[in-house]
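J.: Letter by letter, the chains look like this.
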Amino acid sequence: MSVAKTKPEADGANAAAEWQPKIVAFCCNWCSYAGADLAGTSRLQYPPTVRIVRVPCSGRVNPRFLIRALQRGADGVLVAGCHPGDCHYSTGNYFARRRFLLARRFIEYLGLEPDRLWVKWISGSEGNKFADVVREMSAAVAKLGPNRKVREAR
Amino acid sequence: MRVYSYYPGCSLEGTAKEYDYSLRALAPLLGMQLVEIHDWSCCGSSAAHATSHRLALALAARNLNLAADMPGGARDILVPCAMCYNRLKVTSAELAADSGLRSAVESDLGDKWRGAAITAKALPEVLLGDIGVDAVAQAVVQPLEGLRVASYYGCLLVRPPEYTGFDDPESPKSMDELVRATGATPVDWPHKVECCGGGLSITNRELVAGLVADILGAARDAGADVIVTACPMCQANLDTRQGLAGKTRGTDFGLPVLYITQLLGLACGLSAASLSFQSHLVSVAPLLEKVRQLGRARQAAGGEGC
Amino acid sequence: MPRIGVFVCWCGSNIAATVDIGQVTEAAAEMPHVVCVEDNKYTCSEPGQASIRQAIAQHGLDRVVVAACSPRMHENTFRKTISAAGLNPYLLEIANIREQCSWVHADRVAATAKAIDLVRMAVAKVAQHSALTSSTSPVTRRAMVIGGGIAGIQAALDIADAGHEVVVVERSPTLGGHMAQLDKTFPTLDCSACILTPKMVEVVQHPKITLYAYSEVEKVDGYVGSFKVTVRRKARSVDESKCTGCGACWEKCPVKVKSEFDLGLGTRKAIYVPFPQAVPAKATIDREHCIYYLRGRCRICERFCEAKAIVFDQQDEIINVEVGAIVVATGFQQFDQAAYGEYGYGEYPDVITGLEFERLVNASGPTEGKIKRPSDGKVPETVVFIKCVGSRDEHKGVPYCSRTCCMYTAKHAILTREKIHGSKVFIFYMDVRTPGKGYEEFYRRASEEDGARYLRGRVSRVYPKGGKMVVLGEDTLLGRKVIVEADLVVLASGMIAQPDAQEMARKLGVSYDQHGFLTEAHPKLRPVETNTAGIFLAGACQGPKDIPDTVAQACAAASKAAALLNREALEAEAMIACVDEARCSGCLWCEPVCPYKAISAKTISERVGRRTLTRSVAEVNPSLCHGCGACTVACRDSALNLLGFTNQQILAEVEAVCP
Amino acid sequence: MKALVLPASGAPGFAAEVSRLAGTDVQACYACGKCSAGCPVSASMDYQPHQIIRLVQLDQKDEVLSASAFWLCASCVTCSVRCPREVKLAQVMDALREISRRSGVAAGQPRIAAFYGSFLDLVRSGGRLHELGMTAMYKLRSRDLFGDIDLGVKLMLRGKLKLIPGRIKGRHHVAGIFRRVREHEAGEGGKR
Ligand SMILES: Cc1cc2nc3c(=O)[nH]c(=O)nc-3n(C[C@H](O)[C@H](O)[C@H](O)COP(=O)(O)OP(=O)(O)OC[C@H]3O[C@@H](n4cnc5c(N)ncnc54)[C@H](O)[C@@H]3O)c2cc1C
Ligand SMILES: Cc1cc2nc3c(=O)[nH]c(=O)nc-3n(C[C@H](O)[C@H](O)[C@H](O)COP(=O)(O)OP(=O)(O)OC[C@H]3O[C@@H](n4cnc5c(N)ncnc54)[C@H](O)[C@@H]3O)c2cc1C
Ligand code: SF4
Ligand code: SF4
Ligand code: SF4
Ligand code: SF4
Ligand code: SF4
Ligand code: SF4
Ligand code: SF4
Ligand code: SF4
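Residue numbers (this note's numbering), protein chains in the order written: chain A, 674 to 827; chain B, 299 to 604; chain C, 1399 to 2057; chain D, 2 to 193.
Bear in mind the hints are in silico, worked out from the structure with no lab data behind them. Since the structure is predicted, the reported quantities are computational estimates derived from the model, not experimental observations. C-beta: ideal position from N, C-alpha, C; glycine also. Any given hint could turn out to be false.
One side only, chain D facing chain C, incomplete, derived with CB under 7 Å [as the list claims (entries may be wrong)]:
| # | residue |
| --- | --- |
| 1 | Ala4 |
| 2 | Leu5 |
| 3 | Val6 |
| 4 | Pro8 |
| 5 | Leu22 |
| 6 | Gln28 |
| 7 | Arg55 |
Please work from the sequences and hints to get the whole structure.
T.: In structure tokens form, the structure reads like this:
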């Protein structure tokens, strides 16, 4: 059924040519999710590579979520929140910032490319930036290639 | 025929005599009769107003009084020179506003102030406001189509606007409209009201040459074939200092500087001689040649088309 | 087993043109727990909503996924829809297939695949949803105002006029704050006392207002709608209920000390009221200077007090007040000039501050309104004002602009020129900042009509020379050094936070900036609220501001407080953190993470075997929690979860994307 | 540059005098510099126009009058029409020239003073300006003997310089005006 088409393994022959990375994005409700919505209302086009998980605040994103996504074969993980100082809950994104530095180290430790994890501050008025980030990240992750390591290990 | 009192001013007797000649030749073609103010004297521009406020007012007031005394009654004065125009306007306004100043000037004059009813008008003001751009266009017999003209207003024709007031002080349009009436194309350029340093032309040559070079450069960048002015000081300055200005920039501007009356005269079919082109320092000959060629081309095109 | 219904929206052609709705519904039908899939042209329209309600009834749905536009658009709409059909409104999930899919992708195949993924994520998440209810709490219909300057006065009067009780706590013996010390006030030059004293009197006379002057807030507990405040009423040594303010005591008291109110330019007695119009008009004994307290004898005041109001052995009194809302209006203090040795403040008496100048020009001040030099009482001919002293100076002061000193210096210049005929006024400035209505005009008046000469540049040094104060500055407009020989030098000192502002902030659980000013929840959208619900800010405690801005902010804070007190009960956020007490180790790592101080420890008792053990666990106050989720990440024992965004739900979504 | 000593180095009333003579309030200037930014000759001035007005505001008469800036001012009025505070700076420049001439302070730009002097002398004697005569007189006064000689020749060749000065009938009236204004100014100067 149609769902299978999105799985690179399923498409055998064309896989190499058509492969597009799959990115899980954690977006805070107040800024980055709103920014992604704005990209939509402004009809900005970006690659269909991201799947957004809405969270109240980037401070809600547990590093375990990121690791889990990578373990399950996501090719990249994006955490996007309000700009420092603009957090809806005043301090959430400061915590987030610190955590993700550590998370990158951990990913490296697991033997994955740390560049599969991106952290970006995108405000509700930065629809453009959201689209740009998705474009850039898709290209960068595409360069890294599919996240085979953990999937194969699984 | 509209009748005007005519105040030529000192420059039009000397360095700007071609302005005087061309205006006198043009006037009847546009339905104007000019009656020179009897025994007029210096208006008190530059040196006087720069050094003595009261002297400047009194000198101008004397001429306004003479205009009021003209046989045939008080009429508007046509003042071709922008400096004189400015002095007469300022004087009328200041004396109207300040009775103390008025009595001071009366004592300097040794005479009563009678100029209240007199209005001094600049040439573009008269041509656009009284004669009308349509009448000007109708008088054109030799359209200057294809000629690109930069109108240069200088400082005093439009400033200060509370006294002059017939055109926008930062982006004037009146001469451009006259230019358009001749069939020529007025160019849009940024230096229409930049000062050329006229008053310092004799005393501070190098300074003035720089200002003149900026103005000429801007006109050339805008693609102008010729500059027109309505101010003797501007014309003299841009014309006589063009050589020095060119030298400071290592170039030859070769931009003739005409009085607006000369351009209008050309379009209205007046001869080069009656317009005194020979007295310009920057040769007008190439320009006249271009006008002739444009005319020929037009005739040729007209022959085919219509 | 959950029974999930999926409703896929066309949004006319907005979605349907890019996403193959048929494929999406087919795929959705295959997803776990999905028992019904429908598609609608316009789901948010009344027929669309009706079809959801119908399906809920028909298929016995207990969870709903709407695949449509952004939840930011219609989440509330559909919550109401399912609620109308008898479902808990939180048993809903939205798959955003418009803003984040059909509108940003052109490739139909890829967009359809993504839409299916998004629906799968929503289905996986909603399967984990549970019904949520928000708690409610009652509101104590009383407000407290801390600080009795113009901000506190205005806020108290407005809340009281709205019909609620107000308790005002002022730490000094009188209301009025800094405004009481001012002479005339810009930009209208009306006399400060004339507009302030009637308001002070109104406060004590208002039937709804209780004033605790000479009192301080010790402790604040509770939360929005139900704060419990402990107030210490400091001992005045005078029975307020008896004192009539007649003044017999301070007339006779033999001890003279420098008056704080007059900033040391005048004197008061050991028993005193700070200024004649003080409210409440009750005497206070300054125990640090009273001879009786120092040496055990005197009691002259007692002898002369006919009202028998003096109580030497009066003790501090602790009272507890319950309030639903708090307005903080504790104001500012002047920057301490001691940092500027080069200006010689404190060393040379003829270098004074702007506030001291206010006392000098004030008709009820120590010089009865005559501007005289403190050194020799001479009337100054040349007065120099130096602006931005302490402000905009990272080295010796604070980086920010104090916002009032440009204007009050212009005012001082006008007053000087008005009061001293032929005087010369020079003002050194860096910028002149006059953004209020009529302010620029006021400043122009000082420089044009009143002849104040503004010199652009900072002063480097002030030193005495032959009876004059030499002021050494620069006129940066001329690029020239300027030396002014002045008789009096006035420093426009900046406004800084109260010395105990941070302590106060901690008591209240509100945040403060690096300069000690209390911070608003959002500078533009929630300028008088704090991050702690039910606590509002007014006046200079939030940042330097003048009286018009202070009063405007006080009115705003009052209306916010009154609106809160008007509510019957408060409904708390439903998606909040909750503690799994079985897992919680009581480490309280979560506590400092919470920006709203919603987490505290509580003791629980459990039966372990036959014994009952007590231990400490974290507790989330549902009235305080805003649902940010920060605490959940801090907890290493996974004891904290965020309802509506639980770890399980988020992981379910992740796994739905990467099957 | 020397420090300004305030208020000592000021001449009390100077700012007011300039304001009166110029018909504009110099204290209105808030030193934005727009005048200097647009002034065509500011690059050649020793003080920028806004600095001149600043010194006037502070009554720095001696320093102002020793400046050459106001002599260089071309009276183009650009500053006045653009000033946000409606300061008529061009008139301030006129006023300064007038005060300078009257008080006999050595002009910072003797050539310009000489030029104006020559101009006025001719108007006084003939009633109108006679450009050739003026040029000659100016050359003598300013000792700027060789500058522009070829230009003069060119102009003469083109008939632009009138050789014989015209004289108007009313020249005695004009001379009278000069005399009365000077007498008045002298009287005023005495009063000051
Ligand atoms: C020299 C000078 C001149 C000025 N001139 C003008 C002018 O002309 N026009 C104008 O609009 N503005 C002027 N201002 C600004 C004006 O003073 C302030 O805008 C105004 O005073 C702010 O009022 P407030 O109530 O916020 O603070 P404050 O006036 O500081 O009042 C705060 C009050 O809270 C009390 N308090 C503090 N901490 C506590 C606590 N912990 N518990 C209980 N009570 C506490 C204090 O005792 C005080 O009574 C001037 C300021 C200065 C320095
Ligand atoms: C270029 C620029 C940048 C700015 N940047 C910032 C910034 O970065 N930060 C900041 O804090 N502020 C900024 N501001 C200021 C900010 O725009 C204003 O403070 C704010 O818009 C004022 O809001 P308002 O509601 O009072 O007025 P407005 O935004 O003007 O709204 C008035 C509304 O009333 C309507 N209306 C008018 N008359 C009538 C009538 N008779 N009947 C019915 N309706 C009517 C109008 O249509 C309009 O919708 C900026 C302003 C400008 C010009
Ligand atoms: S629910 Fe959203 S997507 Fe559907 S019709 Fe309404 S606005 Fe469009
Ligand atoms: S304490 Fe007694 S004497 Fe003093 S003011 Fe009060 S009533 Fe009067
Ligand atoms: S007892 Fe204290 S307050 Fe009373 S009069 Fe004596 S010194 Fe003053
Ligand atoms: S208000 Fe004026 S004086 Fe005060 S700090 Fe700001 S700029 Fe300086
Ligand atoms: S909830 Fe977690 S972090 Fe908080 S006290 Fe319990 S175990 Fe510690
Ligand atoms: S979810 Fe946020 S507001 Fe609620 S208790 Fe946790 S940290 Fe505090
Ligand atoms: S433009 Fe006007 S206000 Fe600005 S500096 Fe010049 S004179 Fe002063
Ligand atoms: S009038 Fe004088 S000062 Fe003003 S812009 Fe022109 S040249 Fe400069």
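J.: Looking back at the numbered hints, which does the structure fail to meet, lowest number first?
T.: 5
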